[in-house]
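Based on the provided sequences and hints, a complete structural model is requested.
Last residue of the sequence shown: 959 (my numbering), numbering continuous.
Just so you know, the hints here were simulated from the structure itself, not pulled from any lab data. Incorrect hints may appear among the rest.
[To be verified] Taking lysine-lysine and the DSS-like style, the derived pairs with C-alpha atoms no more than 30 Å apart in a straight line are:
1. K647 with K536
2. K798 with K734
3. K647 with K734
4. K647 with K614
5. K536 with K614
6. K884 with K798
[Claimed, not checked] Distance ranges between label pairs, derived from CB positions:
7. Q597 with H825: 47 to 55 Å
8. S943 with E797: 30 to 38 Å
9. S949 with G631: 54 to 62 Å
10. H545 with G630: 27 to 35 Å
Beta carbons are placed, not taken as given, at the ideal position from N, Cα and C, and that holds for glycine.
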Amino acid sequence: MDCSILSGRLIVAWRLLASLALLVSLVAGLDSLRPAPGTNFNLACGDSAGLIKAINQANQAHADETITLNTDHQTNCVYTLNSPYPPAADQNGLPSITGSINIDGQGATLERSQAAGTPFFRVFYVTATGKLTLNRVIVRNGRVVSGGLPANSGGGIANFGEVKLVNSIISGNEAKNGGGIFNDVWGSLNLTNSAVSFNSGTSFGGGVFNQGTLSLVQSTVSGNQADLSGGGIANFGTLSLTHSAVSYNGKASLGGGIFNQGRLSLSNSTIIGNSAGQDGGGIFNDSGQPVYLTDNLVSGNHAQRTGGGIFNFEKSELNLTHSTIGDNSAGGDAGGIYNHHHSTLSLTHSLVNDNTALGKGGGILNRSLAILSLSDSTVNNNQADESGGGIANFGTLSLIKCTIEGNRTGGRGGGIFNNFQTLTMADSQIIRNSSEHSGGGIFNRGEVFLTNSIVAHSPSGGDCASSGTLFAISAA
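Here it is as structure tokens:
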């Protein structure tokens, strides 16, 4: 073989090996710039620059990263953010969360600076690929009010990925939608032993605006305000509450506590002390999906117009089991529950008591073409100024094994006011109700069917006043 050809081939081979070695070294160098999977970042109190750096590095990792704050265990530890990151480029105080990051705050606060002249920005933005867990963290004073949805949403947190809050507080933030938190349609938001409090929205959801999946376990949404709907929560996605409280939220026209246009389920939870400028002091339900409340308390809520406790809007379905609707009030009709046209409301093993309305239906008002059914339930000690101290019925009403007791009205129908519609009772009793006009027990203008039921002991207005039809089968 020609030696010159062999020499040329050797030179090419050596060059290839050298290039390969250089490439390997470059890749190794790049890997060295990334934190090792599972890296822990430890930050002293107030090191905001270090927090920004740690998030940037954690975003590049391929595993869950943990950032521990306040490692020097200072009291009232605060990480103050003075401008968006990067400056003038976005409305976020911290780098967007694109990786999987756990932040253990050890009680620390992350806040947008409260100094005069500080630009508006939120604290956290979680992208579709991001996963953020906050444990023992307070998020405070974020503010975004300009632009369209979703840029103007989520004063504390805007989530497009997955967020978990554990033992954390989202407080004092403001946005057009979701003053505390905005959860996008593909977002997942879970709160455990956490609070969303004293946030404000100029449109929907003073505390939380949800389009995705939102669950609360042993958590509270309290003291929030929204100008339009959902003082506490505005739900357009899937919302579940378990052992949680929505309390003392307000200002919203519709749904002082919760405004719902999605899927909603509540269990072992309380809706207390909320207020609405118009309808649905505790809950305003406008959903095409069945809504379920089990073992809940809806109490002390107020609507300036109708539905002090709950407003069940047109073509909605609401099911209550082992729940109490008590001590709510309305400036118009339905101190407890308002069931709108073409809607369905059912109560099983439930209690409606001590509600008041300046109009009709102290406990419940059931509108025309609506269906109201109660079984093994009690409606007692409610009051309406106009008519229907316990129930004002303009639709279809059925009672099975129920007690209507001690209700009163300044007009007609202390227990029940039945207006040109059908009332069916079986194994039930209407007792000790009173009317200042007529029909202490029942005032009927429609059809009433009584089976093994009692209407008796009315202190005033008589037991029954009827200009309609009354059918009694084994009734007293």
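Hints and how they fare:
| no. | hint | result |
| --- | --- | --- |
| 1 | K647 with K536 | holds (22 Å) |
| 2 | K798 with K734 | holds (25 Å) |
| 3 | K647 with K734 | holds (28 Å) |
| 4 | K647 with K614 | holds (8 Å) |
| 5 | K536 with K614 | holds (18 Å) |
| 6 | K884 with K798 | holds (27 Å) |
| 7 | Q597 with H825: 47 to 55 Å | holds (49 Å) |
| 8 | S943 with E797: 30 to 38 Å | holds (36 Å) |
| 9 | S949 with G631: 54 to 62 Å | holds (57 Å) |
| 10 | H545 with G630: 27 to 35 Å | holds (33 Å) |
Checked against the numbered hints listed earlier, the structure breaks none of them; every hint is satisfied.
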